[in-house]
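Chemist: So the chains spell out like this:
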Amino acid sequence: MPDNKGYYYFNNGLSCLFEMPTSDARRLLPSCLQPLEIQHERSVLSVTAFDFFEGDGGVYQELVLSILVPPLVKPGDILPKAALYPFSVATSTEFGRKEGIERWRLPHFMRDIDVEFVEGESELSVSVSADGDPICEMSGTSHEFEPAELLFHSFMSDEAGDFKSNLTMRGDGYSEHEFERGSLTLYEHEMTSGLTINEIADYPFREQWMKGGVEIFTPLENI
Amino acid sequence: MSRKKTKSTKHGGTLTDKAGKQLPLAMQYDYTNFYFGSGDDAFAMLEPFDEWYKDSKPAGYYLYGLPMQAAPSTRVDVRNTKTGEVHSDLLNFASYNYLGLSYRPEVKEAVTEAAQLYGNGASGSPVLSGSLEIHHELADRLAAFKGKEAVLLFPTGYSVNVGVVAGLMRSGDLIVADQYAHASLVDGMILSKATSRFFRHNKVDDLERKLKRYGGKKLVLIEGVYSMDGDVAIVPDIVEVCKRYDARILIDEAHSTFIYGENGRGVAEHFGYEDEIDIHVGTFSKSLGGQGGFVAGSQKLINYLRGFSRSRFFSCGLSPVVSAGILKALDLFEAEPELRSKLWENVDFMQNKLREAGVSVGDSECQVIPIMVQDDARIFEMGEALMYEGVYLNPVKYPAVPKHKSRFRMSISADHSREELEEGVRTITRVLQRYDICPTTRDTITSTTV
Numbered sequence: 324m325p326d327n328k329g330y331y332y333f334n335n336g337l338s339c340l341f342e343m344p345t346s347d348a349r350r351l352l353p354s355c356l357q358p359l360e361i362q363h364e365r366s367v368l369s370v371t372a373f374d375f376f377e378g379d380g381g382v383y384q385e386l387v388l389s390i391l392v393p394p395l396v397k398p399g400d401i402l403p404k405a406a407l408y409p410f411s412v413a414t415s416t417e418f419g420r421k422e423g424i425e426r427w428r429l430p431h432f433m434r435d436i437d438v439e440f441v442e443g444e445s446e447l448s449v450s451v452s453a454d455g456d457p458i459c460e461m462s463g464t465s466h467e468f469e470p471a472e473l474l475f476h477s478f479m480s481d482e483a484g485d486f487k488s489n490l491t492m493r494g495d496g497y498s499e500h501e502f503e504r505g506s507l508t509l510y511e512h513e514m515t516s517g518l519t520i521n522e523i524a525d526y527p528f529r530e531q532w533m534k535g536g537v538e539i540f541t542p543l544e545n546i
Numbered sequence: 008m009s010r011k012k013t014k015s016t017k018h019g020g021t022l023t024d025k026a027g028k029q030l031p032l033a034m035q036y037d038y039t040n041f042y043f044g045s046g047d048d049a050f051a052m053l054e055p056f057d058e059w060y061k062d063s064k065p066a067g068y069y070l071y072g073l074p075m076q077a078a079p080s081t082r083v084d085v086r087n088t089k090t091g092e093v094h095s096d097l098l099n100f101a102s103y104n105y106l107g108l109s110y111r112p113e114v115k116e117a118v119t120e121a122a123q124l125y126g127n128g129a130s131g132s133p134v135l136s137g138s139l140e141i142h143h144e145l146a147d148r149l150a151a152f153k154g155k156e157a158v159l160l161f162p163t164g165y166s167v168n169v170g171v172v173a174g175l176m177r178s179g180d181l182i183v184a185d186q187y188a189h190a191s192l193v194d195g196m197i198l199s200k201a202t203s204r205f206f207r208h209n210k211v212d213d214l215e216r217k218l219k220r221y222g223g224k225k226l227v228l229i230e231g232v233y234s235m236d237g238d239v240a241i242v243p244d245i246v247e248v249c250k251r252y253d254a255r256i257l258i259d260e261a262h263s264t265f266i267y268g269e270n271g272r273g274v275a276e277h278f279g280y281e282d283e284i285d286i287h288v289g290t291f292s293k294s295l296g297g298q299g300g301f302v303a304g305s306q307k308l309i310n311y312l313r314g315f316s317r318s319r320f321f322s323c324g325l326s327p328v329v330s331a332g333i334l335k336a337l338d339l340f341e342a343e344p345e346l347r348s349k350l351w352e353n354v355d356f357m358q359n360k361l362r363e364a365g366v367s368v369g370d371s372e373c374q375v376i377p378i379m380v381q382d383d384a385r386i387f388e389m390g391e392a393l394m395y396e397g398v399y400l401n402p403v404k405y406p407a408v409p410k411h412k413s414r415f416r417m418s419i420s421a422d423h424s425r426e427e428l429e430e431g432v433r434t435i436t437r438v439l440q441r442y443d444i445c446p447t448t449r450d451t452i453t454s455t456t457v
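Chains as they are written, first to last, in the numbering used here: chain A, 324 to 546; chain B, 8 to 457.
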């Protein structure tokens, strides 16, 4: 029986969290959401890169820039690990992009991107560009990989309204640490517009790397 | 090449320990999950927090705030709020009483006498009726000790930093703090409404990057000794950068006053940079075993802060009873330089013994020693084991420190005997070995031999 959920299987999913100015985060969020502040005037930019090999969007790579926000928890709900608002998404294929826009109402960069993953023993590097113009370079490192299943709230917003999907990330191996070993270089680009790049940390305070995983989205619900 | 699809699991959650055992839900969440709540009720997070806390407290959070039965000496009796039993004669490595002054007979006598003269409290704000002769005596003594023109007393260490930072800085100014700066400094930044930035711990190139982007008034906040890691601010390099960008500097010497420097004036004295630093903060609750804090600097700075430090202005003055205890502790500190020598001997001994045993103590250089466990899932279990085996140590885990950097924060006192330190190392090592946190004696011998 189809469950109307979206399934996206990936080899590698690297997500690193960086401090960013709260003023930027407020500008990028819809009025129904507030940014988390982990330090005074410092919110959280999540940069995530996926290498999908199968699923509803086919085979493609993806870059997602999100802002962390408080989850929407009703009495009796399971508390999610975190909640995020993707404000800039890009894919390497039109099919993947169409899926993201039409099904999940995610704001997309409208051209294909090139994503290169370089996996070392304990480091994963990602370079993203479009038509030869660099967008970002990110590296993350591993701690210890363990099986994990993590729940997130993902928020979307467009002219049709404000929405939420419960996003489950399940993987054979998941590593998370705060050793500040990774790095980030963001470039001025349509995808990064709205970000004051020189005010964003060039190292992650948290590095999250999932291998052999699946992203499962529940159907959108109005909030 | 594609990996195989992940199989579905039946359980709803989520993280497993190193052995692959699923962690109880209580241990999968922490305080950060309950900071923001949704909905319109200001009490929205109370119920979910309470549900989590009911499970989490017996799972380990009960180890915080256990009631001690008497003075924080090197041996203490502590009531276990989970079982109700009192653990007797625990070796105490959890208290700040670095010089063992809080319970000295002379201090107790001075406190008793002051209570006879002044009663219990100051009964007023220090700017109104809560200023007593003993406060002036204490402030003058401290100014002379610090070699500064004046000192202002505050009822707590927290209120010094909040009051000084928010008292000086305004909206549009820039404050740059070390990322490990104490919460009181951060709260001062928030209250000041100044633009706030943080630089990577002790990294002057990052400090410079933050300073060079802004004009206007600038204040840099550092600590002498950082309280979670026991490492020291690289004062000369920080001063050099600050001077280049016309930034004023505040140093919080809560854990280093009466410890560092030839005369015990702190890390600024240790590096010979006392005059280059504009604002010197210290506390009475650590080495002097009392309560409260102070700021030392120029007379003009103190005059200004007297009028604009709201955390002092709108608090009751420091208790005269505590003030008398602090004055006596200061007498003892000055009369007995051997207290500091003994503390440093104990620090060297303990650091060496722990390192020899293969226990990681990070970059600690002083009496604050982090016993690095780096096992967030089992640190409470280890804390419990240590208590049952005779050692009282506080576990520190995320979010107080980064994920996977959990530790026990050990405080060494001049009052610890050599036997107590040896017993502490033996017990700590034994417990950590059971959890594979440090090598067994056999491993140590083998690796040393090889």
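Hints may be right or wrong, so weigh each one.
27 angstroms max Cα-Cα, derived DSS-like pairs, lysine-lysine [claimed, not checked]:
#1 B:K200 - A:K397
#2 B:K250 - A:K397
#3 B:K210 - B:K224
#4 B:K115 - B:K349
#5 B:K89 - B:K115
#6 B:K307 - B:K250
Which chain A residues stay away from chain B? Per the calculated CB distances, all over 12 angstroms, these [as the list claims (entries may be wrong)]:
#7 Q362
#8 R365
#9 A406
#10 S415
#11 R428
#12 S450
#13 D454
#14 P457
#15 E499
#16 F502
#17 E503
#18 Y526
#19 F528
#20 P542
#21 L543
Just so you know, the hints here were simulated from the structure itself, not pulled from any lab data.
A virtual CB, placed ideally from N, CA and C, is assigned to each residue, including glycine.
Chemist: Please check whether the beta-carbon of F502 of chain A is more than 12 angstroms away from every beta-carbon in chain B.
Modeler: violated, 7 angstroms
Chemist: Over 12 angstroms from every CB of chain B: does P542 of chain A meet that, or does the non-interface label fail?
Modeler: holds, 18 angstroms
Chemist: Is K200 of chain B within 27 angstroms of K397 of chain A, Cα to Cα?
Modeler: The hint is violated at about 33 angstroms.
Chemist: Against chain B, does F528 of chain A keep a CB gap of more than 12 angstroms to every residue?
Modeler: Given a closest Cβ separation of 7 angstroms, the condition is violated.
Chemist: Going by Cβ atoms, does Q362 of chain A stay more than 12 angstroms from chain B at every point?
Modeler: Non-interface label on Q362 of chain A violated, nearest chain B Cβ at 6 angstroms vs cutoff 12 angstroms.
Chemist: Hey, is Y526 of chain A genuinely clear of chain B, shortest beta carbon separation above 12 angstroms?
Modeler: Since the minimum Cβ distance to chain B is about 8 angstroms, Y526 of chain A lies within 12 angstroms and the statement is violated.
Chemist: Starting from K115 of chain B, check that the Cα of K349 of chain B is at most 27 angstroms away, please.
Modeler: This hinted pair holds, its Cα atoms lying about 22 angstroms apart.
Chemist: Against chain B, does P457 of chain A keep a CB gap of more than 12 angstroms to every residue?
Modeler: Since the minimum Cβ distance to chain B is about 21 angstroms, P457 of chain A lies beyond 12 angstroms and the statement holds.
Chemist: Run the C-beta distances from S450 of chain A to all of chain B and say if the shortest one exceeds 12 angstroms.
Modeler: holds, 20 angstroms
Chemist: Please work out if K89 of chain B and K115 of chain B have their alpha carbons no farther apart than 27 angstroms.
Modeler: Violated, because 32 angstroms separates the two Cα atoms, which is more than 27 angstroms.
Chemist: Would the hint linking K307 of chain B and K250 of chain B be met if the CA-CA limit is 27 angstroms?
Modeler: holds, 20 angstroms
Chemist: At 12 angstroms, judged by beta carbons, does L543 of chain A keep clear of chain B as stated?
Modeler: Given that every Cβ of chain B is farther than 12 angstroms from that of L543 of chain A, nearest at about 17 angstroms, it holds.
The structure fails to meet hints 1, 2, 5, 7, 8, 9, 15, 16, 17, 18 and 19 from the earlier list, while all remaining hints are met.
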